[in-house]
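Quick note, the sequences are listed as chains A and B, same order.
According to numbering that gives the first Met the number 0, the first sequence is numbered sequentially starting from 0.
According to numbering that gives the first Met the number 0, the second sequence is numbered sequentially starting from 0.
Quick caveat, the hints were computed from the structure, so don't treat them as lab data.
Mixed in with the good hints there might be a few duds.
[To be verified] Some, not all, of what chain B presents toward chain A, calculated at C-beta under 7 angstroms: (1) Tyr-192; (2) Ala-216; (3) Val-236; (4) Phe-367; (5) Leu-368; (6) Asp-370; (7) Leu-376.
[Stated by the list, open to error] EDC-like cross-link-like pairs, simulated, lysine to aspartate or glutamate; straight-line CA separation at most 16 angstroms: (8) A/Lys-560 with B/Asp-22; (9) A/Lys-572 with B/Asp-22; (10) A/Lys-429 with A/Glu-470; (11) A/Lys-571 with B/Asp-22.
All C-beta atoms, glycine included, are put in the ideal place defined by N, C-alpha and C.
One letter stands for each residue in the lines below.
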Amino acid sequence: MRLIRNFAIIAHVDHGKSTLADRFIQICGGLAAREMQDQVLDSMELERERGITIKAQSVTLFYKAADGERYQLNMIDTPGHVDFSYEVSRSLAACDGALLVVDATQGVEAQSVANCNTAIEQGLEVLPAINKIDLPSAEPERVAKEIEEIIGIEARDAIRVSAKTGQGVQELLERLIERIPPPKGDPAAPLQALIIDSWFDNYMGVVSLVRVVNGSLKLGDKIRVMSTGRSHGVDRLGRFTPKSIPEPLLATGDVGFVVAGIKEIDGAPVGDTITLENRPSALPLPGFKQIQPRVFAGLFPVDADDYEKFRDALAKLRLNDSALHYEPEVSGALGFGFRCGFLGLLHMDIVQERLEREYQLALVTSAPTVVYEVLHTNGEIELIDNPAKLPVVNEIEEIREPIIVANILVPPDYVGAVLKLCNDKRGAQKKLLYLANQVSLQYELPLAEVVLDFFDRLKSASRGYASFDYEFSHFRAAPLVKLDMLINGERVDALSLIVHRDTAYHRGRELVDKMHELIPRQMFEVAVQAAIGSAVIARATVKALRKNVLAKCYGGDITRKRKLLEKQKEGKKRMKQLGRVEIPQEAFLAVLQVGRKS
Amino acid sequence: MILPPLSLYVHFPWCVAKCPYCDFNSHALRDALPESQYLEALERDLAFQGAQVGARRILSVFLGGGTPSLFSADAIARVLAAARRHLSIAADAEVTLEANPGTVERGRFAEYRAAGVNRVSLGGQSFDARQLQALGRIHSPLETQRAAAELHAAGLANFNIDLMYALPGQDAAAALSDIEQALALAPAHLSHYQLTIEAGTALAANPPALPSDDGAAQILEACQRRLCGAHFVRYEVSAYARAGFECQHNLNYWRFGDYLGVGAGAHGKISLGMDAGIVRTVQWREPRRYMSAAPVVQTRSRIATRDLPFEFMLNALRLVEGFEMESFEARTGLPWHTVADTVGRLVRRGLVEANGERYRATAHGLSFLNDALLAFLPERATTTELSAMSTAS
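With these hints in hand, go ahead and build the complete structure from the sequences.
Right, dumping it as structure tokens:
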């Protein structure tokens with residue numbers, strides 16, 4: 000146990016975490032040179048394409064240190080996007096220390112501050128490292144000072160590395176062994192293994208990544224999943240190096256995988272504790288804080304026959320994405336689907352893409368919304384995650400919207416633009432602090448405004464230099480109204496929005512224009528209206544198409560004609576039928592695109 | 000099972016120049032026309048394919064292209080004679096020849112008539128000299144007018160003029176002027192179809208500004224009114240005829256009849272009878288390849304059962320008269336109930352109407368035929384290759 004080090008890497012997107020992880024793997028000989036692929040840890044196709052880490056991954060490496068000992072390093076990769084902070088705290092729970100990687104050209108970013116605070120709160124040793132020192136614009140001294148100022152940890156002797164060239168990486172490994180403590184735990188105690196992650200494999204069933212906190216786990220053991228109370232025999236044990244290597248035993252302090260013939264998708268929930276059937280632990284380990292999704296949207300299969308397949312896919316995704324919530328929803332416009340809760344828009348995007356890519360589902364998404372608190376006239380309080388479910392106006396005493404506290408770090412040159420953005424987004428300034436090279440801002444902002452497009456606009460207002468992190472604070476009453484869209488006089492529940500009264504007319508107009516642009520001409524005229532209550536505030540008409548017929552058809556080759564029709568049919572598949580009207584999927588997301596212009 | 004009526008299509012793959020909108024199997028003629036070599040290949044083809052249909056009566060013959068009128072009357076006579084040697088052609092069969100007004104010298108039509116041609120389809124396209132030039136046509140409006148006069152003089156009053164509308168920059172008045180000039184030539188038949196930019200053509204590579212969807216629809220409506228006033232009946236999406244002068248050959252396509260496809264790149268469709276299904280044949284597309292290939296059916300593929308309703312409707316719904324339930328069953332070999340629900344839905348959507356056992360596209364349905372056809376389109380295209388019959392058997 001003395002030779003084990005369990006640690007995570009905390010870094011902002013693009014600060015080189017994955018490259019550094021690759022370098023570690025290479026130094027420790029986890030993969031042969033020909034097996035090295037850039038960013039080996041980002042295994043999901045989607046992660047590699049987007050260059051971000053979504054899911055935490057673990058790798059066990061064996062490192063021969065300068066003291067002659069052979070150390071087992073269990074490295075747990077963490078996501079670096081604000082939407083996925085929950086995944087970060089989850090990976091940290093399995094660690095005894097964390098490596099903070101900061102880009103020497105960019106400085107500390109808000110996301111890393113938040114994650115470091117989580118690590119420090121969890122009692123972990125945080126070891127700073129300054130990366131990308133090979134770049135001409137690197138300023139390691141300035142960045143070290145910033146780490147001390149903003150995060151408040153000693154950083155003068157932070158190791159300077161270049162994950163790209165390999166410079167300083169060996170030294171960093173040495174420092175890691177010296178500074179991060181070995182795991183504590185009692186090898187003689189009954190088994191307690193924390194499930195860090197679980198995923199479903201079509202051949203093996205549920206595969207769980209665990210950290211053995213106390214006791215040990217061997218092949219053939221009869222284990223019990225504490226929340227379900229069910230027992231299973233251990234078929235396979237092992238570690239990822241990152242290749243999966245079978246092991247007969249996982250000892251106290253180890254991180255590795257367990258396969259125990261669990262077929263049901265929810266058989267090994269993340270955060271649960273595994274113990275032994277014949278010598279169970281009295282108590283489970285403290286699990287993870289249940290995370291509250293903040294953004295909701297309805298997801299509906301384009302083909303109603305896919306409903307079962309869709310439900311199954313959600314259950315499988317949920318297994319290793321416990322931040323994903325869902326419950327059945329029936330929409331007048333879109334049929335049977337699920338109301339899904341997400342951490343943020345990127346999370347929503349990624350879940351939808353995974354569903355479409357990994358499970359071959361075609362989905363239509365309704366407009367995303369935040370959760371509102373509604374005070375009824377009878378004094379009852381109700382949480383509303385779907386504008387369609389908003390009570391009628393005369394039953395509403397007030398609507399309260401979720402307010403977040405945002406922490407923003409921005410270079411002084413861009414402070415003006417960021418302040419303006421925050422004001423446009425109905426923000427209230429709480430704090431403004433000039434640091435050595437950055438300005439630290441704290442704002443209260445309505446979550447609905449942040450969900451819409453805040454992140455993109457913050458990036459453009461600061462040429463990409465500003466970073467931010469937020470947490471939910473409270474609900475606050477606001478003059479909010481429900482904006483409905485009507486297609487040929489029919490209210491489309493999936494397009495309703497809750498908006499601030501001051502922007503309702505503008506949003507309504509923009510939305511109608513956008514729909515007019517997106518709805519293709521059809522066999523008949525289509526009227527698009529925006530309404531608040533019974534008052535129509537904007538209208539546009541999609542003119543009827545005049546004809547759709549092939550000019551010529553004689554006995555010859557029909558392949559091309561058929562292809563043309565198949566293309567038309569394919570186009571219709573991506574549309575949702577509302578009465579007689581066909582609405583393209585993009586129309587349901589148009590709500591997101593309006594109001595983006597500053 | 001009674002086999003459907005049978006027609007013969009013969010393809011002539013050469014043109015003086017390739018028109019930029021044309022996606023047919025036509026090749027610009029660079030050297031001398033290999034007339035006799037091609038005739039020999041056609042004869043082989045007729046012998047080979049004729050053997051496969053036995054004594055089935057041929058009800059119409061269409062000599063299409065390309066530009067068949069590049070071939071001499073003597074050559075056409077030899078083709079028709081060969082067809083009669085290898086096939087049983089009805090005495091009263093309609094025999095149409097496609098002609099480019101720019102390729103027929105004086106007296107030619109009388110010779111064609113003597114060779115056995117009794118109907119001509121003239122590729123007039125427009126009477127606007129600038130449009131003809133833009134369309135890459137080799138003839139002038141005057142040549143079309145002369146050709147029509149020749150046809151009447153030769154006793155071939157049963158002729159068609161092809162006209163295109165929704166040409167670049169065209170408005171309703173310009174399109175009506177084309178119709179007016181075509182009517183002045185007293186044809187028996189008019190094919191009036193919208194210029195469509197087909198993939199892979201020169202126009203697709205360099206697309207001109209065409210009238211808008213609304214503009215094209217206005218042109219069509221104006222032209223239809225005018226043609227109707229001149230006693231031309233619209234009997235198919237793009238075909239108009241004086242009563243009794245509908246094109247028998249094309250009607251057979253639209254009624255999902257059978258046809259032999261002879262010549263380079265020609266397509267055929269043959270019902271095998273009993274439960275053997277329907278086979279499509281395709282000939283070698285490239286003329287040199289076709290002429291050197293012996294015996295000559297490149298591919299035969301059976302139409303998958305699931306594709307039959309679509310292929311039937313693709314044709315039959317184009318006809319204003321529509322089709323009888325019974326003819327669907329006879330031509331596809333499928334029971335009506337395979338499409339009954341789909342047709343029912345189209346009736347409810349106002350795209351198709353029923354009158355006893357006869358079904359047809361409504362006026363609205365004729366304008367939105369593609370939307371109706373989508374309902375019959377199976378999920379994926381499937382044709383099973385029976386055999387590649389490029390070797391003797």
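Would the hint on B/Tyr-192 stand, with a C-beta cut-off of 7 angstroms toward chain A? 4 angstroms, holds
Minimum beta-carbon distance criterion (7 angstroms), B/Asp-370 to chain A: It holds, given that the least Cβ distance between B/Asp-370 and chain A is near 6 angstroms, below 7 angstroms.
Quick one, is the B/Val-236 hint okay against chain A at 7 angstroms, beta carbons? 6 angstroms, holds
Hint B/Leu-368 vs chain A: min CB-CB distance below 7 angstroms? 4 angstroms, holds
Are A/Lys-560 and B/Asp-22 close enough, with their CA atoms no more than 16 angstroms apart? Distance ~12 angstroms between A/Lys-560 and B/Asp-22 Cα, so the pair holds.
Was the hint right that B/Leu-376 lines chain A, CB cutoff 7 angstroms? 5 angstroms, holds
Are the Cα positions of A/Lys-572 and B/Asp-22 separated by 16 angstroms at most? The given pair, whose Cα atoms are some 29 angstroms apart, is violated under the 16 angstroms limit.
Given B/Phe-367 was flagged as interface, is its beta-carbon under 7 angstroms from a beta-carbon of chain A? 5 angstroms, holds
Pair hint A/Lys-571 and B/Asp-22, alpha-carbon separation not exceeding 16 angstroms: 27 angstroms, violated
Does the alpha-carbon distance linking A/Lys-429 and A/Glu-470 stay inside the 16 angstroms limit? Between A/Lys-429 and A/Glu-470 the Cα gap is close to 14 angstroms, so the pair holds against 16 angstroms.
When the least beta-carbon distance from B/Ala-216 to chain A is tested against 7 angstroms, hint result: 3 angstroms, holds
Of the numbered hints stated above, those contradicted by the structure are hints 9, 11, listed in ascending order.
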